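Colleague: Read top to bottom, the protein sequences are chains A and B.
Per numbering that gives the first Met the number 0: the first sequence = residues 0 to 561.
Per numbering that gives the first Met the number 0: the second sequence = residues 0 to 308.
Worth flagging that the hints you see were computed from the coordinates, not collected in a lab.
Here the structure is a predicted model, which is why all the values come from computation and not from measurement.
It is possible that some hints are incorrect.
Claimed, not checked - On the chain A side, residues computed to face chain B include the following (Cβ under 7 Å):
#1 Q39
#2 Q78
#3 L81
#4 V82
#5 M106
#6 D277
#7 M279
#8 K509
#9 W512
#10 Q513
#11 A517
#12 A536
#13 L537
#14 Q541
To be verified - Cut-off 27 Å, straight-line C-alpha distance, at most; resulting in silico cross-link-like pairs (DSS-like, lysine-lysine):
#15 A:K61 to A:K28
#16 B:K171 to B:K284
#17 A:K558 to A:K246
#18 A:K349 to A:K61
#19 A:K246 to A:K190
#20 A:K263 to B:K156
#21 A:K203 to B:K114
#22 B:K12 to B:K114
#23 A:K535 to B:K61
#24 A:K246 to A:K535
#25 A:K195 to A:K246
#26 A:K76 to A:K63
#27 A:K190 to B:K156
#28 A:K76 to B:K156
#29 A:K28 to A:K63
#30 B:K300 to A:K195
#31 A:K203 to A:K171
#32 B:K300 to B:K284
For glycine and all other residues, C-beta sits at the position ideal for the given N, C-alpha and C.
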Amino acid sequence: MKKKVLSLVLAGATILSMTGGVFAAEAEKEEVTLTGFVMQSVTGESGIWEGWGAQKLYDDLKIKLELDPTGNEVETKLQQYLVAGELPDIIGLKGLDQATLAMEADMLLPLNEYADQLPNLFENEHYANAIKYSQDFTSCDTGNLYIMPTAIGPTSYNSFNWVPLLQWDAYKAVGMPDVTTLEDYLDVVEKMVEYKPTTELGEKVYGFSLFSDWDSVSALEISTLSFMYGIDTEYVSPLMETNVITKETSSLLADDSFYKRALKFYFEANQRGLLDPDSMSQTYADVDAKFSAGRVMFSWFSWLTGSYNSQNQNNAEKVDGLASVVADDMKLYNAPAQTIGRNWYFAISKDCENVDAALEFLNWLYDPEICAYLSNGPQGVTWDYDENGEPYIINWDIVDNKTELLMPEEIGGGAFQDGVYAFNTLGPQAATVTESGYTLSYRYWPTTISRNPSLMKQEVNEMMGGVNALAEYLYANDMVADSTQAVNMITPATDDLEITVTQIGEIVKKYSWQMVYAADEAEFEELWSTMTEQAKALGLDQVTEYYTAEWEKALELVKEYE
Amino acid sequence: MQKSKKAKSPRQKAGFRLFLLSAPFLLGILIFSYMPLLGWSYSFFNYKPGRDLFDCDFVGFKWFIAPFNNPVLRMQFVRVMSNTLGINLLYMATMILPMIFAMFLMEIPWKGYRKLVQTLTTIPNFISWVLVYAAFFSLFSTEGLLNTLLIGMGVIKTPVNYLTENSHMWLKMLGYHLWKGLGWGAIVYISAITSIDSEIYEAANIDGAGRFQKMWYITTPHLLPTFFVMFVLQIGNIINNGIDQYLVFSNAMTQDAIEVLDLYVYRYGLQQGNISYATAVGMWKSLVSVLLVLIANTLSKKIRGSSIF
Numbered sequence: 000m001k002k003k004v005l006s007l008v009l010a011g012a013t014i015l016s017m018t019g020g021v022f023a024a025e026a027e028k029e030e031v032t033l034t035g036f037v038m039q040s041v042t043g044e045s046g047i048w049e050g051w052g053a054q055k056l057y058d059d060l061k062i063k064l065e066l067d068p069t070g071n072e073v074e075t076k077l078q079q080y081l082v083a084g085e086l087p088d089i090i091g092l093k094g095l096d097q098a099t100l101a102m103e104a105d106m107l108l109p110l111n112e113y114a115d116q117l118p119n120l121f122e123n124e125h126y127a128n129a130i131k132y133s134q135d136f137t138s139c140d141t142g143n144l145y146i147m148p149t150a151i152g153p154t155s156y157n158s159f160n161w162v163p164l165l166q167w168d169a170y171k172a173v174g175m176p177d178v179t180t181l182e183d184y185l186d187v188v189e190k191m192v193e194y195k196p197t198t199e200l201g202e203k204v205y206g207f208s209l210f211s212d213w214d215s216v217s218a219l220e221i222s223t224l225s226f227m228y229g230i231d232t233e234y235v236s237p238l239m240e241t242n243v244i245t246k247e248t249s250s251l252l253a254d255d256s257f258y259k260r261a262l263k264f265y266f267e268a269n270q271r272g273l274l275d276p277d278s279m280s281q282t283y284a285d286v287d288a289k290f291s292a293g294r295v296m297f298s299w300f301s302w303l304t305g306s307y308n309s310q311n312q313n314n315a316e317k318v319d320g321l322a323s324v325v326a327d328d329m330k331l332y333n334a335p336a337q338t339i340g341r342n343w344y345f346a347i348s349k350d351c352e353n354v355d356a357a358l359e360f361l362n363w364l365y366d367p368e369i370c371a372y373l374s375n376g377p378q379g380v381t382w383d384y385d386e387n388g389e390p391y392i393i394n395w396d397i398v399d400n401k402t403e404l405l406m407p408e409e410i411g412g413g414a415f416q417d418g419v420y421a422f423n424t425l426g427p428q429a430a431t432v433t434e435s436g437y438t439l440s441y442r443y444w445p446t447t448i449s450r451n452p453s454l455m456k457q458e459v460n461e462m463m464g465g466v467n468a469l470a471e472y473l474y475a476n477d478m479v480a481d482s483t484q485a486v487n488m489i490t491p492a493t494d495d496l497e498i499t500v501t502q503i504g505e506i507v508k509k510y511s512w513q514m515v516y517a518a519d520e521a522e523f524e525e526l527w528s529t530m531t532e533q534a535k536a537l538g539l540d541q542v543t544e545y546y547t548a549e550w551e552k553a554l555e556l557v558k559e560y561e
Numbered sequence: 000m001q002k003s004k005k006a007k008s009p010r011q012k013a014g015f016r017l018f019l020l021s022a023p024f025l026l027g028i029l030i031f032s033y034m035p036l037l038g039w040s041y042s043f044f045n046y047k048p049g050r051d052l053f054d055c056d057f058v059g060f061k062w063f064i065a066p067f068n069n070p071v072l073r074m075q076f077v078r079v080m081s082n083t084l085g086i087n088l089l090y091m092a093t094m095i096l097p098m099i100f101a102m103f104l105m106e107i108p109w110k111g112y113r114k115l116v117q118t119l120t121t122i123p124n125f126i127s128w129v130l131v132y133a134a135f136f137s138l139f140s141t142e143g144l145l146n147t148l149l150i151g152m153g154v155i156k157t158p159v160n161y162l163t164e165n166s167h168m169w170l171k172m173l174g175y176h177l178w179k180g181l182g183w184g185a186i187v188y189i190s191a192i193t194s195i196d197s198e199i200y201e202a203a204n205i206d207g208a209g210r211f212q213k214m215w216y217i218t219t220p221h222l223l224p225t226f227f228v229m230f231v232l233q234i235g236n237i238i239n240n241g242i243d244q245y246l247v248f249s250n251a252m253t254q255d256a257i258e259v260l261d262l263y264v265y266r267y268g269l270q271q272g273n274i275s276y277a278t279a280v281g282m283w284k285s286l287v288s289v290l291l292v293l294i295a296n297t298l299s300k301k302i303r304g305s306s307i308f
């Protein structure tokens, strides 16, 4: 009885505080601190979640969230929690294989049994497919909802993850040569490095600079070039090349594979002295710093630019930055609409001491209004509706400098990115259209899209034939590979096969890097055949067979969910 | 007569007291050295983290055979074993160096300088391998001191990443090992030298022995027993050469030459989450260790007539 009254009072308090009112009874609710481990937020930061997002959580529910550090090798950390037999209250799970471990250990709370406390999950049409799929196929055959998917919703317009970028100023200086195919970048970049051999500070400039600390089963920064030709080398399996255009899948180590071409590409770059010799031994942070200093000519992720773009793209004297220059024959991978979400999840620990608070929190996190709040900040502070009723960003300064502590103190302070940063993903996709009629995230509002582009963007758009955005150019020229969410419907391999995959992975990583730095072409070929022979001896064919069958199944299954 | 036989002799009484005195230590050893052996049971199951061990499938010797059931894995295991033994044999071959170092150090007449040298050579022992790597990284990486110097002097044109050079890896590892451990290893010999009766040296002086003769005929024989004890102890550790040194210096180029058993267990077992496999390979390791110690002990008994047990 007491509980009911309290929750009624609380519900009232929440509503009032949301509308800006102050309610004295709020103080009656006890403060709760939940612990959390969010694998998908790759950060070394830990402790109580702070900033304006955390303030909102506290104001709404009187909950504080204490986050454990993640950083690299989160998989090992999850296992340590599992071995210890205790998970933090809120768990973000990165990947179905990791989620399966936790489910098999029976350490997650079946959320469907608490459906009445999770109306934002179970009563939202938008999540229905995702929940159904999770109960049917990713619940270890229990039919329960242990893991709640994230990023559910439509594809975002003009948000390609894999885009070839070149340093704009140098590219202009060498006469903007036409790039017809992947290998042409070598010639262009070579000229660009000749034009700009060192930075103004005298540091050496490289054409290409890679890193190895994200490698799992293949040399990831190398294999990832495949996405520029519509070939997935990550979601289905890092040992498979799944072409989302032809819907065919084949082994990464086949003799005619794209991976070999990518290795050859970087091998060639090294032969010409364009590849950073540290590529094999440095980390992402090192490379990011090199990009920031303008020391790398070529980037392969649309976001991998360090701070070089924000420093230079509006510098009228010398417009610079990493700009998209897409080769004529490329078809950039476009993430699929995800009615079942992607394979990052949120879950609650079974041993959670304060289940009610944890459920409240999860319900809060999947509330579309909260998601919008965390993505865009509070209305009147960072954004508002203009005279036509369209949302627009009031203060681009805060948004553009998203890592700087510019949010006003009275709403909790912190940086703009602090809203989503701790979770790295939310329930709905950023491009989901909310009740307001506009997308969840400011990034796809009409006012944002028509916002004055930077000087560099203007020049780049000019080059692409006077378009407004990269997507416009790509679609007009049939250069997009629209993916299917079948890539997210692959059942993880069995334990024994998983061991085979990791054993092959160790071989592939080692020899791939050796191939890139091989002395000559003969050695390159020799290393390739050693690698493939050893991989075959370890059971590569079984792996290929398994994933080929899984892919066929996924292609059938996806029809129900599209 | 009967009575006195029944009553415990003082020696027996003392024995029980001594047992009580040593009991806490025995208990400690039991808890920290023998209890963990229960963990070996994991190697017989298909252990999944978070589950009760007995809920997991019993797989018998599957994980013990796993490193050998295909040619590539066998090759890897052989490579890893030869790295482990090879690097350790090098370490053992150079075990005499701390002793020689200690002998020469003690010949330095000026105490202040002697202390300075000793301190400076001991300090590296307390620096973790991660920091040691950071230091060597700033020396040898592409933008390190060496490259900057060589380019500045015009010796080379493009920088070389020395950390991915894979020639003479064992010797390089030995170099790092000695740099870090020489001073520390000398301590035990220094204390042994100071405990040598000074009358022996005085007698040698009267007999007209020179400095090197004293070192050779007096100091060396006095240090040899210490050396042999250290040597046999090291053999027990031969397969146990730790992981951090190799982990920090390992990359795709150097890995083949420096992946030692502990690193292999870490990489394939713990990092990939296969705890059962890691346990089984770790048990192989114990087996080889025990064998080696027994061999060394027998050799020591045959050659020198004394042994540890």
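Colleague: Now tell me if each hint is right for this structure.
Modeller: Evaluated hints:
1. Q39: 18 Å, violated
2. Q78: 4 Å, holds
3. L81: For A:L81, the interface hint holds, since the closest Cβ of chain B sits about 3 Å away, which is under 7 Å.
4. V82: 5 Å, holds
5. M106: Nearest chain B Cβ about 6 Å off; hint holds.
6. D277: 5 Å, holds
7. M279: With Cβ-Cβ at 5 Å, under 7 Å, it holds.
8. K509: Result: holds, 5 Å to nearest chain B Cβ.
9. W512: 4 Å, holds
10. Q513: Holds: closest Cβ of chain B sits about 6 Å from A:Q513, inside 7 Å.
11. A517: Where the cut-off is 7 Å and the nearest Cβ of chain B is about 11 Å from A:A517, the hint is violated.
12. A536: Cβ of A:A536 sits 5 Å from chain B, so the hint holds.
13. L537: Holds: closest Cβ of chain B sits about 5 Å from A:L537, inside 7 Å.
14. Q541: Violated: closest Cβ of chain B sits about 12 Å from A:Q541, beyond 7 Å.
15. A:K61 to A:K28: 7 Å, holds
16. B:K171 to B:K284: This hinted pair holds, its Cα atoms lying about 24 Å apart.
17. A:K558 to A:K246: 14 Å, holds
18. A:K349 to A:K61: Judged against 27 Å, a Cα distance of about 22 Å means the pair holds.
19. A:K246 to A:K190: 37 Å, violated
20. A:K263 to B:K156: With a Cα-Cα distance of about 24 Å, the restraint between A:K263 and B:K156 holds, given a limit of 27 Å.
21. A:K203 to B:K114: 44 Å, violated
22. B:K12 to B:K114: The given pair, whose Cα atoms are some 48 Å apart, is violated under the 27 Å limit.
23. A:K535 to B:K61: 21 Å, holds
24. A:K246 to A:K535: 24 Å, holds
25. A:K195 to A:K246: 42 Å, violated
26. A:K76 to A:K63: 23 Å, holds
27. A:K190 to B:K156: 19 Å, holds
28. A:K76 to B:K156: 44 Å, violated
29. A:K28 to A:K63: The given pair, whose Cα atoms are some 13 Å apart, holds under the 27 Å limit.
30. B:K300 to A:K195: 70 Å, violated
31. A:K203 to A:K171: 20 Å, holds
32. B:K300 to B:K284: 24 Å, holds
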